[in-house]
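Participant: In case you want the letters, here they are:
Protein chains: 2
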Amino acid sequence: MENLKSYINTNKDRFISELIELLKMPSVSADPAYSHDVLNTAEAVKVALDKAGCDYVEVCETPGYPIVYGEKIIDKTLPTVLVYGHYDVQPPDPVELWDSPPFEPVIKKTELHPDGAIFARGACDDKGQMYMHVKALEYMTQNQQLPCNVKFMIEGEEEVGSESLEWFILNNREKLSNDVILISDTGMIANDVPSITTGLRGLSYVEVEVTGPNRDLHSGLYGGAVANPINILNKMIAGLHDENMRIKVPGFYDKVDELSVDERTEMAKAPFSLESYKSAIGIEDVYGEHGYTTNERSSIRPTLDVNGIWGGYIGEGAKTVIPSKAYAKISMRLVPHQDWKEISELFQAYFESLAPKGVKVVVKPHHGGYPYVTPIDSLGYQAASKAYQTTFGKLPIPQRSGGSIPIVSLFEQELKSKTILMGFGLNSDAIHSPNEHYGIWNYLKGIETIPYFYKYFTELNQ
Amino acid sequence: MENLKSYINTNKDRFISELIELLKMPSVSADPAYSHDVLNTAEAVKVALDKAGCDYVEVCETPGYPIVYGEKIIDKTLPTVLVYGHYDVQPPDPVELWDSPPFEPVIKKTELHPDGAIFARGACDDKGQMYMHVKALEYMTQNQQLPCNVKFMIEGEEEVGSESLEWFILNNREKLSNDVILISDTGMIANDVPSITTGLRGLSYVEVEVTGPNRDLHSGLYGGAVANPINILNKMIAGLHDENMRIKVPGFYDKVDELSVDERTEMAKAPFSLESYKSAIGIEDVYGEHGYTTNERSSIRPTLDVNGIWGGYIGEGAKTVIPSKAYAKISMRLVPHQDWKEISELFQAYFESLAPKGVKVVVKPHHGGYPYVTPIDSLGYQAASKAYQTTFGKLPIPQRSGGSIPIVSLFEQELKSKTILMGFGLNSDAIHSPNEHYGIWNYLKGIETIPYFYKYFTELNQ
Chain V
1 MENLKSYINT NKDRFISELI ELLKMPSVSA DPAYSHDVLN TAEAVKVALD
51 KAGCDYVEVC ETPGYPIVYG EKIIDKTLPT VLVYGHYDVQ PPDPVELWDS
101 PPFEPVIKKT ELHPDGAIFA RGACDDKGQM YMHVKALEYM TQNQQLPCNV
151 KFMIEGEEEV GSESLEWFIL NNREKLSNDV ILISDTGMIA NDVPSITTGL
201 RGLSYVEVEV TGPNRDLHSG LYGGAVANPI NILNKMIAGL HDENMRIKVP
251 GFYDKVDELS VDERTEMAKA PFSLESYKSA IGIEDVYGEH GYTTNERSSI
301 RPTLDVNGIW GGYIGEGAKT VIPSKAYAKI SMRLVPHQDW KEISELFQAY
351 FESLAPKGVK VVVKPHHGGY PYVTPIDSLG YQAASKAYQT TFGKLPIPQR
401 SGGSIPIVSL FEQELKSKTI LMGFGLNSDA IHSPNEHYGI WNYLKGIETI
451 PYFYKYFTEL NQ
Chain W
1 MENLKSYINT NKDRFISELI ELLKMPSVSA DPAYSHDVLN TAEAVKVALD
51 KAGCDYVEVC ETPGYPIVYG EKIIDKTLPT VLVYGHYDVQ PPDPVELWDS
101 PPFEPVIKKT ELHPDGAIFA RGACDDKGQM YMHVKALEYM TQNQQLPCNV
151 KFMIEGEEEV GSESLEWFIL NNREKLSNDV ILISDTGMIA NDVPSITTGL
201 RGLSYVEVEV TGPNRDLHSG LYGGAVANPI NILNKMIAGL HDENMRIKVP
251 GFYDKVDELS VDERTEMAKA PFSLESYKSA IGIEDVYGEH GYTTNERSSI
301 RPTLDVNGIW GGYIGEGAKT VIPSKAYAKI SMRLVPHQDW KEISELFQAY
351 FESLAPKGVK VVVKPHHGGY PYVTPIDSLG YQAASKAYQT TFGKLPIPQR
401 SGGSIPIVSL FEQELKSKTI LMGFGLNSDA IHSPNEHYGI WNYLKGIETI
451 PYFYKYFTEL NQ
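Going down the list, the protein sequences come from chains V and W. One point on numbering: in UniProt numbering, the residue at position 28 of the first sequence is 28, and numbering is uninterrupted. One point on numbering: in UniProt numbering, the residue at position 133 of the second sequence is 133, and numbering is uninterrupted.
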């Protein structure tokens, strides 16, 4: 692949402008108001795969948003790589905190990205990382460097639970058959500290509703005599953690995979500065489960966070009201062996038990996913490791991520193949936040590294 | 006043249609978007006072919304009644819970209002009750029945703390001089159980802001390792009450006026059905400070309620975010001898002390007011009592209200006169709630009762 670097160099402006066009499309899957844009984005991905060299591309209908499928089969006896990614993005709000409009990409230099970074919703998660694979395919097909078969499965509901994906997989096992699944939807430690994600946390996402009186009440006439749904909700949520920040849901920790001292010592070797961690997000101190480090709290330990809460008068000025209802969105991150469906039930039972007689509580399980761990002795991991070594000049560190890609465990269960998570983003890329961005260096480095994965994976399979 | 009833009967359709016109004006003082309507409403009140027989009317500029002043001085040696009311209204939201648009008044019969009730924001609080005084004046002037002097002071900031009113009073002590202040901005027990409010709770209204990280974070990557402002806010709010629902702010109860057993026994005589109280607002059980009855909890005891809370993602679907900020609006109802400024400071100190190192807390005192009690042996109370007796055929019951009219204590302090609270609304009128309404019977009964107050008050002063 001696011409890989020069090919990227010659075409990098086009690679960037193509991605920028994709980022202009507000494919927010969580908000029905954007459904038209989500569908247009699927079409755009189809066209891109076609141009990149797939010899069969299809926008597949599902019960929800379509899944874009593409393939290039050069020899059925050779291994097949299935690339997964998503073309939908998180909602941009709070929009007022963006320095530039979320769907009008701009390139700006930052301390960590001296070559510039593209600022836009989805720049890193996942359009930028997904599109690296499209451009890597383009290189391999244009230069006769594709050593094996490749399939693409790019979905549009990852940010809302990938509900249609399961349906799609169950109905297309044959079409999706593969030897390894490749995903770039995670991050690495730093541009000079490449890492491969070997573990993902599971997720249980629920929405809760607490109802008190049948209408909003005047807090003067009823205050003190009636259960206020907001106060009650606050009290119930406060009751979910104990003083050591352990989650009080009975049975929550029963199946948690406790790491050995050796494993935790190994983890602790990853370069980490608590000071720069705190200053990067502007906090005076970290906060979490007693007895675990910050890295452990955000990777090998389960968590419970309120992602949204609302109730009563939230407009300007003052309104003295006891609202009829209060709501919260709550998510739990799970670790290996925790079953999200079981956890959702345990949560519901416990949460309801916290309610006093004066209110009614409804818990709606939203979606979820199972935790996942990749063995580092698998062929896929070995191939990825060698690819990073080739392009970064050093071995990548295996790393557990705190995030969740629920469908990875689904892939293993239904397609019987392992997933390799080659992420090129940085924690500081602000995915899911205002001013999300993706380094141009990272984008091009990904395009450079991916073809080597194909090369080594094919060789290791011979 | 033998022609009073017939005058009301002859003119009642006009009395109702005039009020309906006033109710069509969305004079929401809390929301700047309505400022134009608030100003128009002030003008409409000026015109109404003029037509009703005032010989001097003025829309007085203030640092905030104007105050409408009107007067009819027939003889400086006679007593002067100062009527206070407000032309501003609470925000209508949640608008979706209204059966008819809040500013398109409709008349509907209800179980408690067989003669019909006007449904609109402000119908009872306070346009309907304020306008009774305008129409009572019309009767007295048209029929040479005004026995004393009268002044009107109708403000536009009652629902947001009456900030300009204090400024206005301090600058117009002479103009506002009076012998008694008359207000209809409270309720009575039932149409067949007239009552006069002799006590009001004070108020301290604050807004709190909890800031964690400097930006919204991905709950997968940071969850468990960083203080989540929503979880922290919930925990802090939960920490404001103990297990007996007593408020934990140190010093909060120090100045609370504890009633004697006799006083509580006297209070308990007021007709009250816990079952109908619960069914009226659709709750299975009441909830409040241990050791006190529902009536005591909502009148003679101080309270703390969250009136609004918001933070994180509150749109449709799911967003896995740890927000940078979470907010709440919190109000405390105070009882005699509690000083709202002191309570606000005690709250702020305690609330800030509940915050862990991982977050920053800001407490903004919003507004407040002092509690108030009217002595039932005052001339004003006696005159009001006789007036009710005349038109309702029975003596009214003196009653402590849980609500707050902060300016009542201000009046006593600055104008040196007592306030009489002749309220004709019912608790079920849903003030501050969707579907606020005011009974037509109550509206007309108020217009009938008020002239007798002037009569008896003048006689008692001779």
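Check each hint, because a few of them may be wrong.
To be verified - Capping the alpha-carbon separation at 25 Å, the derived lysine-lysine pairs in BS3-like fashion look like this: (1) W:278 <-> V:360; (2) V:278 <-> W:360; (3) W:24 <-> W:12; (4) V:278 <-> W:341; (5) W:341 <-> W:364; (6) W:357 <-> W:248; (7) V:357 <-> W:341; (8) W:341 <-> V:248; (9) V:357 <-> W:278; (10) V:248 <-> W:357.
To be verified - With beta-carbon atoms standing in for the labels, derived distance ranges: (11) V:345 <-> W:270: 33 to 43 Å; (12) W:99 <-> V:316: 19 to 29 Å; (13) W:460 <-> V:354: 52 to 62 Å.
These are computed hints drawn from the structure, not numbers from a lab. Where a beta carbon is used, it is the ideal one built from N, C-alpha and C, also for glycine.
Participant: Verify the proposed pairing of residue 357 of chain V with residue 341 of chain W, using a straight-line Cα cut of 25 Å.
Facilitator: Since the Cα atoms of residue 357 of chain V and residue 341 of chain W sit roughly 34 Å apart, the hinted pair is violated (cutoff 25 Å).
Participant: Against the 25 Å threshold, does the CA-CA distance of residue 278 of chain V and residue 360 of chain W hold or violate the hint?
Facilitator: Satisfied, since the Cα-Cα distance of roughly 14 Å is no more than 25 Å.
Participant: Would you mind confirming whether the straight-line C-alpha gap from residue 357 of chain V to residue 278 of chain W stays at or under 25 Å?
Facilitator: holds (12 Å)
Participant: For the pair supplied as a hint, residue 24 of chain W and residue 12 of chain W, confirm whether the alpha-carbon distance does not exceed 25 Å.
Facilitator: Within the cut-off at roughly 19 Å; holds.
Participant: Tell me if the straight-line CA distance from residue 341 of chain W to residue 364 of chain W falls inside 25 Å.
Facilitator: Distance of about 12 Å is within 25 Å: holds.
Participant: Run the distance test for residue 278 of chain V versus residue 341 of chain W: straight-line Cα separation, threshold 25 Å.
Facilitator: Status violated; Cα separation ~37 Å.
Participant: Quickly compare the C-alpha distance for residue 248 of chain V and residue 357 of chain W to 25 Å and report which way the hint goes.
Facilitator: Holds - the C-alpha atoms of residue 357 of chain W and residue 248 of chain V are around 23 Å apart, at most 25 Å.
Participant: Go ahead and decide if the range 19 to 29 Å is satisfied by the Cβ distance of residue 99 of chain W to residue 316 of chain V.
Facilitator: Distance hint for residue 99 of chain W, residue 316 of chain V holds at roughly 26 Å.
Participant: Measure nothing beyond the straight line between the CA atoms of residue 278 of chain W and residue 360 of chain V; if it is 25 Å or shorter, mark the hint as holding.
Facilitator: Judged against 25 Å, a Cα distance of about 14 Å means the pair holds.
Participant: For the pair residue 460 of chain W and residue 354 of chain V, does the Cβ-Cβ distance stay inside 52 to 62 Å?
Facilitator: Because 57 Å falls inside the window, the suggested range holds.
Participant: CA of residue 341 of chain W to CA of residue 248 of chain V, is that 25 Å or under?
Facilitator: With Cα atoms ~39 Å apart, residue 341 of chain W and residue 248 of chain V exceed 25 Å; violated.
Participant: In this structure, is the beta-carbon distance linking residue 345 of chain V and residue 270 of chain W contained in 33 to 43 Å?
Facilitator: For residue 345 of chain V and residue 270 of chain W the Cβ distance comes to about 48 Å; the hint is violated.
Comparing the model with each earlier hint shows violations of hints 4, 7, 8 and 11; every other hint is respected.
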